[in-house]
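Participant: Chain by chain, the residues run as shown.
There are 4 protein chains.
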Amino acid sequence: MKSGELKMGWARQYMPVLGEIRKKFEAEKPLAGQKIGMALHIEAKTAVLVETLAAGGAEVYITGCNPLSTQDDVAEALDRVKGVHCYAQRACSNEDYYAAIDKVLDQNPTVTIDDGMDLIHRLHTGRRELLDNIVGGCEETTTGIHRLRAMAADGALEFPVIAVNDTPMKRCFDNVHGTGESALSAVMITTNSLIGGKWFVVAGYGYCGRGLAKMAHGLGAKVVVTEIDPRRALEAHMDGYHVMSMAEAAKIGDIFVTTTGNTSVISEKDFRNMKDGVILSNAGHFNVEIDIPWLEANKDGYEARDSIETYIIDNKRINILAEGRLVNLATMKGMGHPIEVMDLSFALQALCSDYILREGPGLTGGVYEVPNEIDVSVASIKLKSLGVEIDRLTEEQEHYMNSWDIGT
Amino acid sequence: MKSGELKMGWARQYMPVLGEIRKKFEAEKPLAGQKIGMALHIEAKTAVLVETLAAGGAEVYITGCNPLSTQDDVAEALDRVKGVHCYAQRACSNEDYYAAIDKVLDQNPTVTIDDGMDLIHRLHTGRRELLDNIVGGCEETTTGIHRLRAMAADGALEFPVIAVNDTPMKRCFDNVHGTGESALSAVMITTNSLIGGKWFVVAGYGYCGRGLAKMAHGLGAKVVVTEIDPRRALEAHMDGYHVMSMAEAAKIGDIFVTTTGNTSVISEKDFRNMKDGVILSNAGHFNVEIDIPWLEANKDGYEARDSIETYIIDNKRINILAEGRLVNLATMKGMGHPIEVMDLSFALQALCSDYILREGPGLTGGVYEVPNEIDVSVASIKLKSLGVEIDRLTEEQEHYMNSWDIGT
Amino acid sequence: MKSGELKMGWARQYMPVLGEIRKKFEAEKPLAGQKIGMALHIEAKTAVLVETLAAGGAEVYITGCNPLSTQDDVAEALDRVKGVHCYAQRACSNEDYYAAIDKVLDQNPTVTIDDGMDLIHRLHTGRRELLDNIVGGCEETTTGIHRLRAMAADGALEFPVIAVNDTPMKRCFDNVHGTGESALSAVMITTNSLIGGKWFVVAGYGYCGRGLAKMAHGLGAKVVVTEIDPRRALEAHMDGYHVMSMAEAAKIGDIFVTTTGNTSVISEKDFRNMKDGVILSNAGHFNVEIDIPWLEANKDGYEARDSIETYIIDNKRINILAEGRLVNLATMKGMGHPIEVMDLSFALQALCSDYILREGPGLTGGVYEVPNEIDVSVASIKLKSLGVEIDRLTEEQEHYMNSWDIGT
Amino acid sequence: MKSGELKMGWARQYMPVLGEIRKKFEAEKPLAGQKIGMALHIEAKTAVLVETLAAGGAEVYITGCNPLSTQDDVAEALDRVKGVHCYAQRACSNEDYYAAIDKVLDQNPTVTIDDGMDLIHRLHTGRRELLDNIVGGCEETTTGIHRLRAMAADGALEFPVIAVNDTPMKRCFDNVHGTGESALSAVMITTNSLIGGKWFVVAGYGYCGRGLAKMAHGLGAKVVVTEIDPRRALEAHMDGYHVMSMAEAAKIGDIFVTTTGNTSVISEKDFRNMKDGVILSNAGHFNVEIDIPWLEANKDGYEARDSIETYIIDNKRINILAEGRLVNLATMKGMGHPIEVMDLSFALQALCSDYILREGPGLTGGVYEVPNEIDVSVASIKLKSLGVEIDRLTEEQEHYMNSWDIGT
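Residue numbers (numbering that gives the first Met the number 0), protein chains in the order written: chain A, 0 to 407; chain B, 0 to 407; chain C, 0 to 407; chain D, 0 to 407.
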């Protein structure tokens with residue numbers, strides 16, 4: 000077997016939820032006649048989602064959503080799947096990157112699936128002539144959703160988009176466990192550095208941040224959390240972490256991971272306060288959280304190790320992983336999120352694609368939540384695959400929960 | 000100093016947020032001329048809230064909200080505070096309990112503060128003539144809120160009530176850390192049993208349940224979680240706990256704590272499957288989660304130890320703590336929630352009492368959320384008291400968060 | 000049933016290892032005709048050991064080993080057991096304390112069982128005429144053993160003593176889990192203070208200290224460790240704790256627990272650096288770790304709460320638990336070690352008492368280790384009671400482990 | 000700079016203890032005129048040890064100690080260091096592997112440094128003529144030491160060897176943290192599998208096993224421990240893990256890591272009981288813990304992914320990592336132990352090499368412990384590099400610790 004197909008086989012082994020949906024799609028062909036345009040990280044797990052959609056009867060056109068996350072052998076394997084056309088290439092130029100996005104759109108898709116709203120952004124700026132044909136879209140990341148909401152608030156979003164990221168099944172698993180485990184292991188493998196005993200700084204205590212904090216703590220790190228929200232800050236404090244401003248954290252931290260979704264979270268004044276040999280990385284969607292443009296403009300860097308660029312400031316080494324891009328995807332050794340969490344997230348994508356095709360025509364432009372019954376069904380399929388049984392409310396319990404006249 | 004006053008002095012030491020509010024209330028007297036009716040657990044921390052309200056200029060009339068949680072020396076000390084009248088007595092009869100609630104209402108209060116909606120329930124059933132005078136109320140617990148919402152849905156709630164429990168500052172601290180730590184230490188002290196290595200069953204994976212699970216886990220227990228919600232069940236699974244039905248948990252559990260807010264979570268069929276020497280307790284608001292009426296009706300019990308009743312079923316000892324009432328409050332050695340978390344919850348109560356008096360007249364009957372600025376302000380005062388500084392968004396960051404046209 | 004007997008019944012329920020030994024002792028009467036002198040903490044778990052020894056045929060004479068740890072109802076219940084004579088009384092004067100020790104020795108015992116070497120110390124100083132009759136002894140604590148070794152090094156120890164404390168089964172369970180859980184819950188219950196988010200200072204990173212550190216960490220504390228041994232200090236650092244000198248820890252700590260077995264670990268210069276409201280307690284054997292004599296001599300204290308004495312230094316409250324005595328035993332609400340760990344430690348005591356009576360006559364004065372087969376047998380009985388099966392070496396594996404010529 | 004030199008520069012950055020020793024060695028040249036023969040894993044950290052020895056004046060001859068762990072660019076860089084000669088090559092044949100060992104010995108070294116006793120084994124079997132010239136040796140691993148002790152017990156060990164592995168500084172850091180973190184991250188990266196929620200089976204609860212168990216637990220796994228020692232089994236139980244026989248563990252485990260140092264810990268009967276898709280790996284020194292010869296002889300395997308071989312048994316996929324060799328070193332993405340722990344272990348090696356050259360001539364053949372003062376000095380240098388200050392005993396405290404006549 001070729002390496003792309005082997006990788007897909009490996010992933011399929013740990014994706015029981017998509018497996019269950021594929022069986023159903025194969026039998027019912029709910030996507031027959033549809034064209035789906037996608038821009039996602041091209042690796043084995045995405046490929047299992049794509050083949051599931053194709054099994055449902057769709058033609059799928061796909062490219063990457065990050066110049067460094069594409070795995071070429073998987074891209075080739077995908078292109079060999081019946082009904083699938085893949086245009087992604089690793090480490091392509093910016094020009095080629097956007098050309099591939101246009102190739103996907105050229106096919107005139109009815110549905111978009113994005114991880115960072117690249118397709119939707121392009122559709123609303125340079126390819127507005129295609130908007131009429133779109134029934135709806137799905138968006139995978141926090142950051143993408145955030146920008147879609149800003150766009151909708153401006154009245155600029157022309158079709159309904161399901162915020163796959165905003166749903167409990169995504170936040171509680173993909174963000175907490177997926178980012179947590181994969182960013183941590185990517186840092187470990189890329190640097191060969193010990194976590195135990197280190198000052199490990201997590202910027203942002205949202206879902207991604209708290210997963211990462213908990214896991215670094217579990218390996219013996221002293222975890223520092225920086226936040227802008229007083230309540231989240233207090234939560235982090237009571238969970239046993241050290242809460243402080245980034246200005247203070249910069250002075251003591253050994254390893255930094257940003258998860259805020261915001262820009263310039265670590266910047267010049269922080270670099271200057273840092274210790275020799277610090278390790279900086281980003282687990283948020285875009286490479287804006289660490290102010291690398293300032294480093295590039297002001298300091299000479301050298302590649303100290305695969306996926307590590309070192310800059311010297313005041314005689315101290317500042318080590319940046321993966322150019323500040325998503326550390327779990329963009330490092331040479333990073334594999335992206337663990338297979339099992341992508342099984343959940345992509346099961347949502349598969350079911351939401353089906354849903355938006357059915358319901359989209361009746362919806363106006365805007366951001367929509369994942370329907371609750373889809374969200375719950377993914378959890379139920381997963382529990383079933385684990386052989387886990389849970390309780391159901393008895394009639395007496397349902398009655399009790401709905402009454403207010405049963406006393407102390 | 001008398002013991003009640005000493006206890007209040009001890010609590011005041013660890014309640015910096017209420018301390019800050021008291022200073023403000025003393026200077027501004029925002030509650031001057033108001034009558035506040037309260038039914039809360041009568042112990043030192045509550046007393047610090049009560050004196051804070053009195054410092055704001057209010058007359059306060061208070062009784063207990065659970066027959067077993069009143070501390071008589073604190074009740075007496077409270078009654079000695081200027082402007083405060085306390086009617087609670089430990090272990091009083093059911094008749095006296097409700098008589099004390101009526102005494103509070105007899106004063107014709109303008110505001111109610113409840114922990115389990117006893118005052119509100121009584122007002123809407125036997126004392127409807129007093130409803131006109133009420134501006135609004137505050138409710139402390141999950142369970143109380145749940146019943147208030149049911150009542151509001153029936154159109155039966157006649158005045159606005161702030162759901163203090165539903166706000167982030169309450170759920171994330173009082174429920175997670177307060178219930179977690181205090182229920183665990185109450186079980187440990189009441190039973191003298193080891194937690195390390197035990198099968199520790201937590202019924203319900205809401206805020207209370209996940210706090211408790213994490214802490215029992217932190218002491219070395221093997222934690223089992225039972226749930227009715229597939230998503231919460233899956234969260235518990237990925238957090239490292241054992242998820243199963245109560246029927247299965249009953250067979251292996253050593254220690255059980257219920258936190259569901261529902262009825263008959265542990266019942267006859269479960270008792271029959273349990274091991275000899277199991278320990279059962281409840282950390283939910285009402286004593287309905289373990290089916291003690293069945294035990295009482297069918298088995299002879301004896302008091303094996305302070306706050307422990309033992310029933311023999313099929314030659315196996317089933318040990319029930321505190322008659323299935325709130326284990327952290329109702330056991331002889333339980334002290335209720337830790338002081339520091341009550342400082343947060345009661346700071347909300349103090350600020351919401353002030354708020355409802357100001358805004359209540361403009362609101363219709365129903366359940367209202369804690370205003371976001373009150374919630375955030377409590378977190379900020381607490382962080383300040385800890386000397387913790389956090390970051391603020393720069394203008395550049397605010398701009399970034401509100402834009403959708405900044406690319407990859 | 001009387002309260003002492005009820006307490007013993009409760010303890011017996013969670014002591015399966017002693018239960019197994021009691022069955023054997025009852026059948027074989029290995030201690031028939033022997034007199035055993037004991038000075039241990041008098042509470043229910045000790046009582047189950049005592050009744051086990053009596054079941055083996057011995058006459059047992061016992062008193063307490065700490066003026067504040069005796070439970071009078073258990074003392075009375077013990078005195079009612081056939082073959083047992085108990086002289087302990089809670090909160091007795093120093094004079095009565097030592098008189099009770101003499102009463103035990105007056106019976107001319109053949110074996111001593113100590114927790115802090117009170118009997119052995121008295122025998123070697125004021126009661127040397129009784130030494131000839133002694134076959135041997137057992138000592139329970141780290142501190143006692145330490146002093147016995149110093150005594151043996153001086154050639155001053157006249158009979159063989161088994162260092163029950165030094166054996167793996169004691170250190171890894173009684174010290175780590177027993178002290179860890181019970182000291183933590185005693186602090187929580189005595190102070191009603193939250194652990195989450197606090198700076199929790201553990202002095203000493205021996206077995207007791209590391210158990211306590213791990214558990215406080217498990218509840219969300221930021222744990223500080225002080226040490227004098229560089230290797231242990233580095234272990235604590237890599238385990239995720241904050242290692243610093245006591246001088247530094249004094250400035251930031253909220254809660255302190257000493258576990259060093261040494262004197263003046265916290266003293267005047269530290270008191271002066273502490274924050275208002277700090278909580279100081281000791282989990283080491285003797286009340287010398289916190290320099291209370293200095294506080295007593297220089298500051299006025301008052302009882303702020305059951306088992307808490309508050310001293311004011313430079314306007315700051317320094318709160319001392321249980322007069323610096325063992326916090327898990329000497330606080331009003333402390334119950335001592337959890338039952339299950341005492342089951343292990345006391346099973347060792349029971350088996351070692353039997354052993355020293357058989358083997359003692361052949362041994363010279365000195366400190367002896369618990370025989371390995373006794374140590375292992377206690378673990379095996381416990382695992383069996385839990386229904387836990389473990390692996391055994393195959394012949395092939397035994398061969399492999401003993402060979403050096405099997406290559407890479 | 001070439002890639003080998005860059006890797007060495009990266010490692011040097013996180014090795015402050017060797018850095019301190021290198022400074023001293025450069026100044027004092029204590030190894031001048033000596034020849035050191037080494038067989039260690041050839042990667043950047045080892046290279047920093049080697050250059051430290053060379054800085055001390057020695058000629059160093061080195062090869063690998065595992066056919067799969069050599070990094071060729073580092074081997075080449077080492078060979079370019081003045082005074083160093085490196086013969087290792089990745090993935091060489093068995094024949095070449097042993098030829099390289101002979102090349103090292105051909106140089107007639109005075110000291111050996113082994114990781115798995117390959118040099119010592121060869122010296123005592125095929126190259127006995129060289130024994131006379133050897134002053135002594137150092138051995139790095141548990142397994143090597145074990146076999147050396149067996150050899151010494153047979154009277155077969157001809158020169159003194161320091162058991163670097165048996166010393167606290169090695170066991171508590173290299174084994175616990177080094178193996179723990181690196182084996183875990185190697186499994187994560189090689190498989191892209193989630194740890195949270197998984198049944199993670201650790202065979203053996205020695206230092207390596209307990210580090211690994213704690214860390215997998217810290218990421219949310221349900222940890223199973225298998226053991227042959229009842230005391231260790233009980234420790235694992237009370238630490239919160241699931242203790243059972245491998246026969247039982249085989250039925251439920253998702254991921255297995257062996258750390259026993261023994262043979263055939265997982266064998267045919269276990270393979271047959273396993274679930275589809277299980278992941279098996281080894282973190283013990285030799286590839287004998289999983290019975291791969293049986294798999295090879297009876298089943299067809301295929302390479303499912305880099306460093307993963309899949310065998311099909313009864314329709315279930317059994318996935319073996321790195322052919323059962325050390326998972327943290329032998330997988331394509333594994334980097335070996337974290338740099339900081341190797342800094343400690345290799346500091347011991349450097350100081351012990353110096354020591355054995357000075358003291359070896361006075362010692363007979365046998366296994367010797369690392370001198371306590373060397374062990375402590377490494378911890379002290381490390382603490383100093385971290386800026387951590389610890390306490391020192393006062394005179395009063397030293398006196399107290401040495402006396403037995405200070406009462407209760």
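Treat the hints loosely; a few may be bogus.
Label-pair ranges, simulated between beta-carbon atoms [claimed, not checked]:
1. D:Ser2 with B:Thr393: 36 to 42 angstroms
2. B:Thr363 with A:Lys102: 54 to 60 angstroms
3. D:Leu385 with A:Glu25: 43 to 49 angstroms
4. B:Glu388 with D:Met0: 38 to 44 angstroms
5. D:Trp293 with A:Arg79: 32 to 38 angstroms
6. A:Asp305 with D:Thr124: 50 to 56 angstroms
7. C:Ile251 with D:Glu368: 36 to 42 angstroms
8. B:Ala152 with C:Asp313: 54 to 60 angstroms
9. C:Ile312 with B:Thr393: 51 to 57 angstroms
Quick list of in silico lysine-lysine cross-link-like pairs, BS3-like style, CA-CA up to 25 angstroms [unchecked claim]:
10. C:Lys34 with B:Lys383
11. C:Lys81 with C:Lys34
12. B:Lys23 with B:Lys81
13. C:Lys315 with C:Lys383
14. A:Lys28 with A:Lys1
15. D:Lys250 with A:Lys274
16. C:Lys383 with B:Lys274
17. A:Lys315 with D:Lys22
18. D:Lys250 with A:Lys383
19. A:Lys298 with D:Lys1
20. A:Lys23 with A:Lys34
21. C:Lys1 with B:Lys315
22. C:Lys250 with D:Lys383
23. B:Lys1 with C:Lys1
24. B:Lys34 with B:Lys102
25. A:Lys298 with A:Lys28
26. A:Lys22 with D:Lys383
27. A:Lys81 with A:Lys1
28. A:Lys81 with A:Lys23
FYI, nobody ran anything at the bench for these hints, they're computed from the structure. No residue lacks a Cβ here, since even glycine has one placed at the ideal position from N, Cα and C.
Participant: Taking the numbered hints from earlier one at a time, note which ones the structure violates and give those numbers from smallest to largest.
Facilitator: 3, 6, 9, 10, 13, 14, 15, 23, 25, 26
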